Structures are given as C-alpha cells and as structure tokens.
Amino acid sequence: MSLLALRDSTGRRRGAALRKRVVRVVEAATTPLSPADYLDLINPLRSGAELRGRIVEVLPETADSATLVIKPSKDWAGHLPGQYLRVGVEVDGVRLWRTYSLTHGPRADGCLSITVKAIADGVVSTHLVRTVRPGQMVQLGQAEGDFVLSDPLPEKLLLVTAGSGITPVIGMLRNLFSRAEPVQADIVLLHSALSRSEVIFGEELRRHAAEGRLRLVELHTDVDGMLDVADPERGLAAIVPDLAERTTYACGPVGLLDALEEHHGAHGLPLHIERFRTTMVVAGEGGTVTFADGRSVEADGSTPILDAAEGAGVLMPSGCRMGVCFGCVLPLREGVVRDLRNGALTTAAPGDGVNIQTCISAAAGPCQIDH
Amino acid sequence: MTTLQKKTGTSPTAHLTPEDIELLGVELDAIRQSILDTRGEADAAYIRKVIDAQRKLELASRAVLLFSLFPPAWFVGTAGLSVAKIVENMEIGHNVMHGQWDWMRDPKIHSTTWEWDNASPADQWKHSHNELHHTYTNVVGKDNDLGYGIMRVDEEQRWHPLYLAQPLWNFVNACFFEYGIAAYDLELGKNLATEKRRKSPQFRARAKQTLKKIRNQATKDYVVHPLVSGPSFVHTLSANFTANLVRNLWTHSVIMCGHFPEGVETFERTSIEGESRGDWYLRQMLGSANISGSKAMHFMTGNLSHQIEHHLFPDLPSNRYAEIAPQVRALFEKFGLNYHSAPLPAQVYSAWHKVVRLSLPNGFLASTNAKNAPEQLKKLYKMSTGGPKVRRAIAARFEQEARRANAA
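Chain order of the listed sequences is A and X. Using the numbering used here, read the first sequence as starting at 1 and increasing by one per residue. Using the numbering used here, read the second sequence as starting at 372 and increasing by one per residue.
Among the hints, erroneous ones may be present.
[Unchecked claim] Calculated cross-link-like contacts (lysine-lysine; reagent style DSS-like; alpha-carbon spacing at most 25 angstroms):
| hint | chain 1 | residue 1 | chain 2 | residue 2 |
| --- | --- | --- | --- | --- |
| 1 | A | Lys20 | X | Lys591 |
| 2 | X | Lys742 | X | Lys753 |
| 3 | X | Lys479 | A | Lys74 |
Hints in this document: simulated from the structure, not taken from any laboratory. Quantities reported herein were computed from a predicted structural model and do not represent experimental measurements.
Start from the sequences and build out the full structure, keeping to the hints where you can.
The structure is reproduced here in structure tokens:
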C-alpha cells in the first residue's frame, strides 16, 4: 500500500468517526425523538427515510382501473420487470397494505408505476382508482418476487394473462420493447378479459401486435367464453400450435393458473406463474389462535383471546381487562377478531401485523398472534 | 371529601336503581359508537397536523434560543418552547399513549411506540396511568393519583402534623412535576421502604430505565442545546429550565383540576367489587371534573379539560371530546347527577383550597374566623406538638366547633 493510500484511508476513517460523533450529538439534541422525525418534516423522500412515495400522476386505464405513477424515496433499491411491491395507503385515516405489480421496467424519471383495478368491496383498490390525488403520500415496501424473465431470454415465449394478471407482464413487455436493440424473441400473448373495453392496456397491446412485436390473442369471455386450457379444439394447443417449444409465463385467477399447472405438468412444459394472493377472510365464531412459538389455543367466539391464552398457560401482557388501558396490545399477523364490546371486526392480511387489544377481542376465525 | 359509600345523608346516586345504571351504560356506549362510526380521515389529518406543527414550533423555538443572549430572543424562544413542550406532553403524548390514535395503524403514532418529552419512561407511565388510574379512578387505596401517595386528600385519612407542609409540598411537586411523575410511576416510596423491595431486580431495572431517560432529557435541555448556543450558553440553559418549569406548573394545574376540586367523589375499595359496565361509567362520571373555556384552552390542556368525557372514553380521539360533551352533559341531567365544570381559575382555586383545608385538621378552617384566629392557632400548635392523646382531644373539639359553626 502506498503512503498516499494509507493517508487517504486514515482520513476516511477519521471522517467516519467524526460523522458518528456528530450523529450522536444530534441524537442527544432530539431525544426522545430521532433526528429522522425532524428531517421528515423537511424532506420525507430523502435517503435514510422510511421507504415511501409521493403520487405524481393518476392515469385512468379502463372504466374501473387506473395507473398511479409514484416518486419513491431515495432508498428505493430498484426492481426487475414482473416484480411486485407492498403499498400502504390511508383509507379513511386507516393505513392498509396491499400488493401490486410494477407495470414498468425501471423508468428514466426514477418513478415507479402500479396499475390497480377497482374490485367490488375492495376498499383499497376502489380508493386508489377513484379517490387518490397527485401529491398524496403512500408507504412502500421494496420490490419482491421472482416472476421475472430469465436472462438470456428464451427464444420463444408464451404469456398467458387474465384480467389484472396483465400488470406484471406489461412491465416485462414495456421493458423489452424500450431497449435500444430490437427484441429477437418470438412472443405470443394470450390475454383473457371480460370484454374488449375491459382489456387493461388494450390499445398499447394492440399497437405492439400491429407493429409486429408480438402475436396478441384476445379472448373476450362475454362472447368467447372462458379459456379451457386442456380442450384440444379450443384450448391452448389449438391457439398456440408450437406450444411445446415455448416457455410460459402466466398470471391470472387461481382457476386458470391451476389448470395451466396441471396441463404443463402433464406435458412436461416449462411454466412460471404469479399468483395474486387475495385475502378473502370470512368471519366466523371462534377459532384456533396460534402464537409465535408455535403454541396454539382453541378459543370460542365469546372468550377474549387474552383469557383463552392464559387459560392454556401462555404468558400474556395484560392490564385493565376491560379495553381501557391498551396494556395488552399485540400484533395480529393474520386472521379476524371481533370486538366483544360492539361486534366490530378487525382483519389482518398475511404480513399486516395489525395491533389488537387481546382483552376485548375474540377470535372470529383462525388467528396468528405475534407473541 | 368523604368516600361516597361513607357519606351520611343523601348520596348523589341514591336515586338510581340498578336498571337506571344499566340504561346509563347503554346510552354511553351509544355515544362512544357514534364517534367510532364517524372516526376517519379528518381525525387522522388533525393529529398529523398537530404533530407537524408542534415539531416545527419546537425547532423554531430552539433555533431562536441559539441567540438567547438577546432578551427578546430569550422571551420568544422560551414562550415557544414552553408551548411546544405542553402540546407534546398533553394533546399529543398523553393521548397517543392512551391508544387514541392506534386505529390509524401508523406505527409512528401508536401507543406501543410513542416516547414523550418527559422524565417518566412511556412504559412505566402507561402502566400507572392507563392501567391503574383509569381503571381504579378515585378508589381510595387503589388509585394513587389521589394525592400521589404524599398528600392527605380525604377527611378519613388521619391528620398528622407533617401534613401542615402539604401546600408547600404540592407547590414543589408542581414545579418539578415531571420528576414527581417519574418517582410516582416507579412507586419510589413503596419500593425504597424495605431492603427486599430495594433489591428486587424488577425495581432495579425500572429505576435504571428511569435514570437513563432523565439523563437523556437533562443532557438535551441542559447540556447539548446550551453548548450549541455558544455565547448564549447560560441563557439557553435558563430558557430550557423555564420552559420545563412552565410545562410542569401547567400540567400539574390541569391534572389537579381533573379529580381534586371540591365536590368530586371518591370511592371505597370494596365498592368496586363486581362492578358492572354501568357502575364503572357512573364512577368515572362522579370522579372527574371539567374545565370550561375557549377552544385554545381545551387544546392546551390536551382536551383534559373534558376530563369527564376522557374518563368515560379514554380511547376516543381527543379532538372529538368537545363534540360529545353536550350529549354527556344531557345524560348527567337526565339521571340527576352533578356535571362538575368550572373555569380554570375556579377549578385551580378549588383544588388548592382542598389541599390547604386537608393540610389542617378536620373542621379547623370551618371553625376559624378573624376573631378566634389567635386562639385557634394556639390549639393547632398544641395539637402539632402534643402527643396522640392531646391530638385526638383537640381534633374532636375542632370538629364539634365546625358543626356548631355550620349550624349557625
């Protein structure tokens, strides 16, 4: 090591030590809060801040779907086309988290986009399509998921999508077609939607087809009926004659994906699928309450989870036992509970961690408690 | 003040049947539900705005105090910081730690994560305040907020000469209220009393936690910010001390108004056995007192001026108490109960009057007038210096004279 390099590295070390000391002083000046709490007032999208984003644009796609363009904070680590992310949105003041596919590859403006279809009774999707306005903030998670095109690209691709299942695939296509050199792969996109006007990104897909970048097969179930994957006359093999030479990527409703898995499995064909997890939780009376250490307790619908757990020997935090002191609050990882005072239901989707008061909440289905 | 159960003559609840009390509970539940049903975006925007404004005010005040050498900067900075500290403790800290904003599911504004600008660590405060005080409100021997274990707050507590210093004690406690709360949350008196308790690992861990919090708080206000102020070191130090003092005096006054004014009821320990939801509501109604005043005053008390509504519904967002107050008041009238509400000066006076009255033997104030004052003081001196027998005899005379004075 040269003398210069040595001096440089000690300088850097000294710089790091100094920075550490400054941080400690700033922390001492802002306790019991952290410096970040004050910096967030100035720039909530700065590096080092919690991952969040500002909605830049809301673009209508079809009658009940819209694309949100979001400027993420500096620590957004990027993504691969086809991946998804968790988005935390405030609906009526309550922060709710949902998962959406990214509908672009990495963009030049550093923004990311998601496309949301408003579903019946979907509080969050309806809010995102109809109510949010540019300028509002959302919470974000980093990109996740392995539904991505292999590199190098297979020579022949088959993309099978239905409804909002197009969203991860449009991200892949936009990324492919925005490359400087033309894409060599032979792509077939088989997309199924309720009707022609319901096809999200319909115009864009048809343009790609017209310009020869892919072969587009649209199935409009109002006139064509549902796709029967295994049907020799009207199924996959009939629509895509060279099916055996193609690698399939598919995203859509559970029924379609299950049929594809069965079909491709039986024929030994390569298949990548993305399942949208829908959280249809049906509230009942009582249920099995599972704790982080694996212990589980059968709780009926009229006993507070606190009492049921203690009855089974689980050590629980507790306080007033009447819903007043919040000393018994624990995160509900997944499940539904009912407030015994007024019957109100609280639902937690996997990964949510909704805090509940165990002393006045009874299980309304299987529950996972993080304790 | 005598516990409701020991009161002679008509008790304020004698006219209520168990059915009435159950109905009262149902009506109060309905009021609670009406707020839950409409709780939403506007409320979330409210608390975020308050937190945002409080932090900006604190930052600005501390920035001004960098130049506290100049008297106008000292005054403006100190005033701003005092207000910021009061808002942080009351409208934000107290209410967030009550779980009033947990429904938003924002981990940054949540009872499980919030830490406040106060000597007492959030965990310990939540236990003694949310769990003990709010569950056992005004139950003698259970709710230590009654006199904080250092004062005579009830005629039935036997008088002792040490209580003569109670007004002074109360004033000192008001000035250093945050440390008073920290000591109280630690149950310092009880825990230091015996060797076994002193050495208990739980107590030691909690004491360590409190000391660490106090050290951090003091380092911030009395070391880091003064040092950053450079030549204004001493002035910033005095400004921060003053802001803490103002905050302490203000919070102490507001807290005293909540349960201390004359006429607020206390309860026997045995009276809460088998208590129904309606009974619990009733106890909260009779054991709390409101402060009437402007919107600004309500805000600066963290809406604890709506103490009655807060005690009935400790987990409803504080910004909604004003809206339900008229409905709650109407229920008091419907059920023939006394809705205790008065302006701040009147409530503070009333609370202090009680502190002074109970620092003296029962009946002393009532039986003393300008004419007999020297004689009375002589008796008081004798009572304070004499043995238990003398004390008992003079105490009986005071009470007898007070009865006679009342009858006249």
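Hint check:
1. Lys20/A <-> Lys591/X: holds, 18 angstroms
2. Lys742/X <-> Lys753/X: Distance of about 19 angstroms is within 25 angstroms: holds.
3. Lys479/X <-> Lys74/A: holds, 20 angstroms
Against the hints set out earlier in the document, no violation occurs for any number.
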